[in-house]
Amino acid sequence: GRLRDAIATVKEHIALPGVLGRICPAPCEKGCRRGSVDSAVSICLLKRYVVDADLKSDDPFVPDCRAATGKRVVVVGAGPAGLAAAYSLLKDGHECKVFDDAENPGGSLQRDVDEGRLEREVLDAEIDILRRMGAQFGLAQRVDLSRLDDLKRECDAVLLACGEVVPQEIERLGLEASLHGVHVEVHTFQTSVPAVFAAGNAVRPSRMAVHALAEGRRAAVAIDQFLAGGPVAGEGRPWTTHIGSLLDSEVE
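Quick note on our numbering: the sequence shown kicks off at 1 and runs consecutively.
A portion of the hints provided could be inaccurate.
Said to hold, decoys possible - Taking lysine to aspartate or glutamate and the EDC-like style, the derived pairs with C-alpha atoms no more than 16 Å apart in a straight line are:
#	residue 1	residue 2
1	K91	E12
2	K56	E154
3	K97	D156
4	K56	D128
5	K97	D128
6	K71	D101
7	K91	D128
8	K56	E121
9	K71	E95
10	K91	D64
11	K97	E12
12	K152	E95
13	K71	E154
14	K71	D156
15	K56	E119
What the hints assert, rightly or not - Derived CB-CB ranges, DEER-like:
#	residue 1	residue 2	range
16	L179	E12	30 to 38 Å
17	V41	G174	13 to 21 Å
18	G174	E119	22 to 30 Å
19	D248	R131	28 to 36 Å
20	K152	R34	41 to 49 Å
21	S36	G230	37 to 45 Å
22	R237	E176	23 to 31 Å
23	Q168	D59	45 to 53 Å
24	E185	S146	17 to 25 Å
25	D124	P167	49 to 57 Å
26	G134	P27	26 to 34 Å
27	R172	G1	21 to 29 Å
28	E12	R117	19 to 27 Å
Simulated from the structure, these hints should not be mistaken for laboratory data.
Here the structure is a predicted model, which is why all the values come from computation and not from measurement.
Backbone N, C-alpha and C fix where the C-beta goes; we use that ideal spot for every residue, glycine too.
All chains should be built: construct the whole structure from the sequences, respecting the hints.
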């Protein structure tokens with residue numbers, strides 16, 4: 001019954017849990033040790049329940065943000081990766097503007113997901129939380145990536161979360177290309193240009209929004225480290241999912 005505490009826990013790392021609660025194929029549940037006894041813990045539905053209760057309340061939860069750092073980040077692309085990165089960067093106290101050539105933010109969530117699976121009012125409500133956190137949106141504005149140098153002068157860091165970028169364009173930007181997209185350091189999503197990061201389909205194609213959201217958040221962690229002027233090491237991994245089957249003594 002502690003729904004306020006529950007939504008605070010869920011939104012500590014996840015920008016759009018109401019969206020994922022509807023469309024995520026729940027890969028995490030496949031690794032749940034409870035499944036060897038009866039069935040996995042319903043992480044996906046638990047998040048959906050908590051978010052739906054929160055959004056229907058008179059005072060939907062808005063995460064606290066750190067004091068303003070004076071640093072500005074431009075995110076190119078308002079799809080899952082870009083929105084997740086903006087959410088994390090705002091929490092860290094950075095100013096964040098998200099550009100997208102569509103009239104409404106959401107990227108593939110708006111374009112490719114049937115409304116029978118994802119009601120647009122849920123997506124819009126979760127994006128509105130970002131606005132209340134201070135996110136600025138430049139919509140129906142296509143960013144000319146050939147102006148990347150100009151863009152870098154207007155801010156402290158850039159995140160490319162704009163979807164697929166063809167190799168020729170990557171090279172024109174002065175970035176290194178990989179077999180699948182923009183080449184990034186695997187743990188930090190930093191490109192060959194230090195102030196420029198990339199995530200989501202700009203790096204490699206993926207059909208799972210949960211992966212794009214995770215990459216956006218991890219890129220934001222590295223961007224925060226970059227803006228702080230310290231080593232850019234990316235997110236730590238203080239845990240592992242490889243912990244074996246449940247013992248008889250652990251089963252209730």
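Hint by hint, here is what the structure shows:
1. Proximity of K91 to E12 is assessed by CA-CA distance (about 9 Å); at most 16 Å being required, the pair is judged to hold.
2. Using a Cα cut-off of 16 Å, the hinted pair K56 and E154 is violated, with the two alpha carbons roughly 39 Å apart.
3. Straight-line distance between C-alpha atoms of K97 and D156 comes to about 12 Å, which keeps the hinted pair within the 16 Å bound.
4. For the suggested pair K56 and D128, the alpha carbons sit about 14 Å apart, so the restraint of at most 16 Å is met.
5. Our distance criterion of 16 Å between C-alpha atoms is met by K97 and D128, whose separation comes to about 14 Å.
6. Between K71 and D101 the alpha-carbon distance is near 24 Å, which puts this suggested pair outside the 16 Å criterion.
7. Pair hint K91 plus D128 holds up; C-alpha atoms about 15 Å apart against a cutoff of 16 Å.
8. The suggested pairing of K56 with E121 holds, with an alpha-carbon distance near 11 Å, which does not exceed 16 Å.
9. Between the alpha carbons of K71 and E95 the distance comes to roughly 6 Å, so the proposed pair stays at or under 16 Å and holds.
10. A threshold of 16 Å between alpha carbons decides the hint, and for K91 with D64 the separation of about 7 Å falls inside it, so the pair holds.
11. Under the criterion of a C-alpha separation no larger than 16 Å, the hint pairing K97 with E12 is inconsistent with the structure, at around 21 Å.
12. Distance hint between K152 and E95 is fulfilled; the C-alpha atoms sit about 14 Å from each other, no more than 16 Å.
13. Restraint check for K71 and E154: satisfied, since their Cα atoms lie roughly 11 Å apart, inside the 16 Å limit.
14. For the hint pairing K71 with D156, the CA-to-CA distance comes to about 6 Å; that is within 16 Å, so the pair holds.
15. In summary, the hint linking K56 to E119 is supported, as the alpha carbons are separated by about 14 Å, within the 16 Å threshold.
16. For L179 and E12, the Cβ-Cβ distance of about 34 Å falls inside the hinted range of 30 to 38 Å, so the restraint holds.
17. Against the hinted window of 13 to 21 Å, the Cβ-Cβ separation of V41 and G174 comes to about 46 Å, which falls outside the hint.
18. G174 and E119 have their C-beta atoms about 42 Å apart, which leaves the hinted 22 to 30 Å range violated.
19. Distance hint for D248 and R131: a CB-CB separation of about 50 Å, inconsistent with the stated range 28 to 36 Å.
20. Checking the proposed 41 to 49 Å range against K152 and R34 shows it holds: the Cβ atoms sit about 48 Å from each other.
21. The hinted range of 37 to 45 Å is satisfied by S36 and G230, whose Cβ atoms lie roughly 42 Å apart.
22. Judged by the Cβ atoms, the range 23 to 31 Å given for R237 and E176 holds: they are separated by roughly 25 Å.
23. In this structure, Q168 and D59 meet the distance hint of 45 to 53 Å, their C-beta atoms being roughly 50 Å apart.
24. As the Cβ distance of E185 to S146 is approximately 24 Å, the hint placing it in 17 to 25 Å holds.
25. Restraint check, D124 to P167: a C-beta distance of roughly 35 Å breaks the suggested window 49 to 57 Å.
26. Taken as a hint, the range 26 to 34 Å holds for the pair G134 and P27, whose Cβ atoms sit roughly 32 Å apart.
27. Range check, R172 to G1: about 56 Å between beta-carbon atoms, so the 21 to 29 Å window is missed.
28. The beta-carbon spacing between E12 and R117, approximately 25 Å, falls within the hinted interval of 19 to 27 Å.
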